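Q: Residue strings, one per chain:
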Amino acid sequence: MHWPGDAPPGNGVARDEGMAVPHTPRARSGPTAASAAPTATSTRTWCRRWTRRPCAPAWCGRHRPCSASARCTGACAGWAQGGCWALPCPPAASHPLPHSVTSVFFGGGTPSLASPGTVAAVLEAVAGAAHLPAGAEVTLEANPSSASASVLDGFRAAGVNRLSIGVQSLDDAELRMLGREHTAAEARKAVEAARGLFPGRTSIDLLFGLPGQSRDAWAQRLEATLRLCDDHISLYQLTLERGTALAAQVRAGALPAPPQDLLADMYHTARNVLGAAGFRHYEVSNFARKGALSTHNLSYWRAEQYIGVGPGAHGRFVLRAEGGCSREARVQTPEPVAWMREVQSQGHGTRSRAVLSPLEQLEELLTLGLRTDEGITHERWGHFSPQLNLQAVFGEPGEARALQQEGWLVLDSGGLRCTWAGLAVLDSLLPALLWQLQRVLGAARCPPRGAPAEERAGGGARGL
Amino acid sequence: MALAGRAALRWGARLPSPGPAAAPLCRPAWLPAACGRPYSSRGKEEIDMSTYPVESIRNFSIIAHVDHGKSTLADRLLEITGTISKTDHNKQVLDKLQVERERGITVKAQSASLFYNHEGINYLLSLIDTPGHVDFSYEVSRSLSACQGVILVVDANEGIQAQTVANFYLAFEAQLSIIPVINKIDLKNADPERVEKQIEKLFDIPTDECIRISAKQGTNVEKVLQKVIEKIPPPQCNTADPLKALVFDSTFDHYRGVVANIALFGGEIAKGHKIVSAHTKKRYEVNEVGILTPNEQPTHKLYAGQVGYLIAGMKEVTEAQIGDTLFLYKQPVEPLPGFKSVKPMVFAGMYPVDQTEYNNLKSALERLTLNDSSVTVHRDSSLALGAGWRLGFLGLLHMEVFNQRLEQEYNMSVILTAPTVPYKAVLSSAKLIKEYGKDQITIINPAQFPDKLSVSEYLEPIVLGTIVTPHEYIGKIITLCQDRRAVQKDLLYIDENRVMLKYLFPLNEIVVDFYDALKSLSSGYASFDYEDAGYQSADLIKMDILLNGNPVEELATIIHKDKAYAAGKLLCEHLKETIPRQLFEIAIQAAIGKKIIARETLKPYRKNVVAKCYGGDITRRMKLLRRQAEGKRLMRKIGNVEVPRDAFIRVLKRETDK
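Protein sequence lines correspond, in order, to chains A and B. Counting from 1, position 4 in the first sequence corresponds to residue 4 in the UniProt record's numbering; the numbering is continuous, with no gaps. Counting from 1, position 368 in the second sequence corresponds to residue 368 in the UniProt record's numbering; the numbering is continuous, with no gaps.
One chain only, chain A, in its complex shape:
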């Protein structure tokens, strides 16, 4: 997570990009980044200085597998024409694209500073390159200071159908401490406007564990939030990132560091309060009611495929189009200017590609999947590991068994998941589970081969 306190205000640089696209190197100011996640996937794009350089759309497409012949040479040209951004693609190779895109996410930086026209152009480009179903989730991250009803209406017209608003706090003093430009009143106004335009599809981001914040203050914020919110809330514990002004103040002793026990109390309070209000705690920091889960973000936690577009964007997908069958991790060039130059000169901004080994894929699945309330289902595990099922890896005596007995973990017919208490201490469970996974796979000496992800998808070749 990034903590934005150090960004100079008022330069049009998004202040909350860290919220939206956690993997974006946030220190760089830059043009745009779009991350498209095609997989059973999603695309997430983000853009700093969206106003000046409207280029990178982030979308995330849940696509069904392309047919093997669905190469995407032509498509890329379309992207390039449609805007100044490109999908990540292998150098000097055809550009694989998904057959269809399930969701698009404009995040990182302050996408709400972009003109709705840019968003529309990106969505057009996506739709031109792959099938973008009419109901596909298209999320835009918005900052309360740039989310007036008229602006939001423009985005809705451009095709956005879900909004994520970086409220952060409903207290002016806290907002000032966080270095935010907006006030609590502005945040309320923005949320109300958004709810009017995107009823049932407005999410708000909130932070807790601020220096000096008390249990009572947090409980009050929660109550206020419940009065304001729609059906989706993301609650993040503040992380003091090195190099930020706030972190420096805490380190210097000017602000108190929140005690661990208090943070735990706040988290558990939130889980209880939101649970009582009908919210499903479906991921470590995400709560939804009436089924308003974020389709896009779920694709990450389910280790589906996604394309990342924009400076520093990450992607995960199976390169069926190139005749490959392995899931690849790709990272786009992080520096915005360089990224733009590369996109313009070579048609893509991919900086690195790495094929993920079967073990690495399972490690990611475990790390991400256990963050959700559904956990890792037997079916999903089987897609990645056809030979060693969950029971074979974690059901035998070992770390996982001990953790089950201690009440942190459950392995049953639904799959492997954390208990209520276990979720809060997941970071203590993971090293033990990963260590057991490495051992069992090493001992089996016949790790799952090939790219299980695509098999699940029906055996068809898939781009991206």
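Hint data in this document are derived by calculation from the structure and do not stem from the laboratory. A hint or two may mislead.
Using C-beta positions, here's what the derived DEER-type ranges look like [claimed, not checked]:
(1) B:ARG650 <-> A:ASP265: 26 to 34 Å
(2) A:SER357 <-> B:ARG650: 33 to 41 Å
(3) A:ALA248 <-> B:ASP532: 30 to 38 Å
(4) B:PHE584 <-> A:ASP265: 14 to 22 Å
(5) A:ASP265 <-> B:SER454: 25 to 33 Å
(6) B:GLU573 <-> A:GLY196: 55 to 63 Å
(7) A:GLY278 <-> B:GLN355: 52 to 60 Å
Every value quoted in this text rests on a predicted model; they were computed, and no experiment measured them. Using N, Cα and C, we set each Cβ at its ideal position, and we do this for glycine too.
Fit chain B to the supplied structure of chain A, relying on the hints for placement.
A: Below, chain B alone, put in the same frame as chain A:
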């Protein structure tokens, strides 16, 4: 101790090359280099040592407190006698080890033979350098036994220090002639008169016998040489007697094996002689003899009274035991009284940082102990640290120096456990007595501490400590000594400002941090030295550290009953900071037997899951998690508590650093 870096060593050794008939000339250092020789010891020309009869031989040492200028004086003596050329680079020529020059201390005694013409007679002066720290008093006594006199160097500014006292008594007890020298008279604050008075008061040496010098500038150094010749008697021995050679030191050369430093108390020795070790009864044939200049300079022979070296195909330093007597095959002699045998005062476990390094460390240890026979080595193993050794050292500095040499000379990085001292237990249990084959055992590892029920008495080593301090610190120092369970034996004003205190200390109370504490509360002015004073009965107990009720073997300590509570509390507090939080509460306890004397509680994690994790940033996160998973392999499990392997070391080190 001084840690100032010393300049790299550069010198050219010069030796006079005496004509066959002519008496050897002493060539001054400024003679053209043509008549000098490189310091390489493998010269072709050999000196005829028979031209130096016993009457023209003087064997002596220089003894001094740290930094009082012993090595600098040695440099000047070597220059004046032409043994080394006079350059700006002669700095601690006899301190050959890197660590010696870095720390400004002498660890390994070195010797050099000097040629000096005085009133028409050519003298052979053998200077036997001595180590300069309290830990090495054993080495000092070893060096002194080959001498008939000493130069006692005292700093004109600092005056008599603790080690000056200790060294003086070593020389005095060995009945050696003592030449007091007051050094550094060129310093601004030099007060030689005051120092002369101290020497008179403490050592009963008339003030007019002191020589005031500046070794750095060379002032009056010639006078010292003249005094050596006048005051120190020649050795009492005869070349006509059968060979009787004392081994007073030994070093190991990878190509030639053991090089034994010897002093001839009778007879002569030459290449080809068959000799026998009185200690091992092993027979050797002499390959080479020579003198040290200070590098090895082969000679045809060595004669009674002379000091030099011998190489005779000995493969291990244990074959050239310090104090051993060598004699000619079939001409046995009464062995010379052996020296004090090595007695380690401090023990510590040594383990490779990584067990895969075990064999490399083993061979480094073997090679280093070849040159430092005062280190004792026992194999040991620990659940946490794997296979390793329990090493015995002369003192804490010795331990540090040894460790530093391992790092510098063998590039080995090791884990050293907390130092302990050799306790003893007088056994009362018949079963144990039978098991050990004796009724008194030495405990060098807390794991071996026998239960109170089978012991009639525990004993702890004690030392007689000497402290010399400006009188304004005396109150604080007395408090410090009382805290360390010390008993005052003496308190003496050596002049109007300085006090000498003598205390009997339990060794374990001074072994770790006493010296540092003393230095810091006296702004660096107090000095300290100690000598072995045997054992005393002590109320010892074994303190265990428990994690959730399970004992941590490597943290068990033997401790005096009165100290257990405070030490246990401190240890628990440190552990609490060092052990990472886990999923459950951890009780950290110090216990004596079944009784808990201190407790800290490490609360469990209640929330540590990272707040944000979306698709893109997973790569970096996975790296961290993989490293943590890999770390699981290196965890030491105590019950269900996982402790990183280095945690205990950090705790023990902290205790040392405190």
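Q: If a hint holds in the structure, say so; if it does not, say that too.
A: Here is what the structure says about each hint:
1. B:ARG650 <-> A:ASP265: 26 to 34 Å: Holds, at about 31 Å.
2. A:SER357 <-> B:ARG650: 33 to 41 Å: Because 35 Å falls inside the window, the suggested range holds.
3. A:ALA248 <-> B:ASP532: 30 to 38 Å: Cβ of ALA248 (chain A) to Cβ of ASP532 (chain B): about 56 Å, so the range 30 to 38 Å is violated.
4. B:PHE584 <-> A:ASP265: 14 to 22 Å: About 19 Å separates the Cβ atoms of PHE584 (chain B) and ASP265 (chain A), which means 14 to 22 Å holds.
5. A:ASP265 <-> B:SER454: 25 to 33 Å: Since ASP265 (chain A) and SER454 (chain B) have Cβ atoms about 53 Å apart, the given range 25 to 33 Å is violated.
6. B:GLU573 <-> A:GLY196: 55 to 63 Å: 59 Å, holds
7. A:GLY278 <-> B:GLN355: 52 to 60 Å: 56 Å Cβ-Cβ, so the 52 to 60 Å window holds.
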